[in-house]
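When you line the sequence shown up against our numbering, it's residues 10 to 289, in that order.
Among these hints, one or two may not hold up.
As the list claims (entries may be wrong) - Lysine-lysine pairs mimicking DSSO-like chemistry, simulated, CA-CA at most 27 Å apart: (1) Lys211 with Lys276; (2) Lys245 with Lys235; (3) Lys19 with Lys72; (4) Lys235 with Lys276; (5) Lys206 with Lys276.
These aren't lab readings, by the way, just hints derived from the structure by calculation.
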Amino acid sequence: MAGRTVLKEKRRAGSFFSATLVLWSVSLCFEILFDRRFELLYVVFGALFYQSANSAIRFLVSKDPLLVNTSVSLLHSTITSASVLFVLVNRWLSYGSEGIFEHSQLFGGTWPWAYAALCFSCGYFAYDQWDMLQYGLYSGWIPAILVHHLVLLICFTLALYRNVTINYLILTLICEMHSIFLHVRRLRRMAGVRDAKSVIVKVEWILNWLTFVFARFVPHILITAKLIMDASKFDKGIELPLALSGMAGMNLLNALLGMDLLSAVRKESYYQKTDHSHHE
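All chains should be built: construct the whole structure from the sequences, respecting the hints.
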């Protein structure tokens with residue numbers, strides 16, 4: 010009985026998020042075809058690219074949906090991190106560091122390649138939402154991962170449609186540097202490498218914590234502080250409330266993620282000690 014209830018809730022959640030993804034797709038097509046926003050084709054290219062990567066991994070490596078999804082997520086984190094660094098370094102080399110974090114730049118400006126990079130990443134979130142729905146890679150009546158992707162799709166596409174806060178969103182994507190090691194950890198555990206005392210695992214954890222602090226936790230707090238400081242400079246509209254609520258959600262997720270990482274470290278250390286005592 011309980012299993013049927015869980016399955017029913019999962020189907021309801023799947024139907025709801027599938028419908029929102031269809032509505033999002035219709036909206037994007039309308040913008041491209043009827044408003045002639047052809048620059049938004051980068052979103053389509055991004056979705057097709059990651060779907061192609063999914064098919065290639067499924068054909069060449071494994072058909073396990075979770076392994077394939079995680080592998081593509083690792084690819085996205087790597088490409089997005091490189092894209093963000095490229096955009097920032099290119100901006101600095103072209104114009105210097107002066108005024109790079111001024112409100113006019115972060116809100117209304119668009120650094121070279123920033124728009125395309127944001128579109129490409131937006132395409133990934135659409136692909137990933139579809140992949141998770143297709144293979145049931147979620148659980149619960151209100152799956153957190155699907156809600157997360159839906160919120161990102163809404164925020165990203167609204168910014169892309171209105172061509173505002175592009176640079177702000179590029180800065181938030183610095184967190185993908187940390188996501189690299191989250192995905193590496195999951196793939197490493199899938200491969201059966203779980204020795205907490207091995208050099209590979211120790212180095213991975215060091216990089217995981219360093220990037221969590223300096224590429225995710227601290228940058229998102231600084232972006233939130235910048236939004237609050239520049240609140241009076243925003244025009245009346247949904248941009249500031251949406252940005253603040255989005256960053257509040259991100260900071261909350263970061264805090265929960267930090268607690269999950271601490272718990273994971275303790276569990277791996279505990280299992281290592283238990284395994285060692287059994288061998289003795």
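Exercise. What hints, given by number in increasing order, does this structure fail?
Worked result: Per hint list: single violation, 4.
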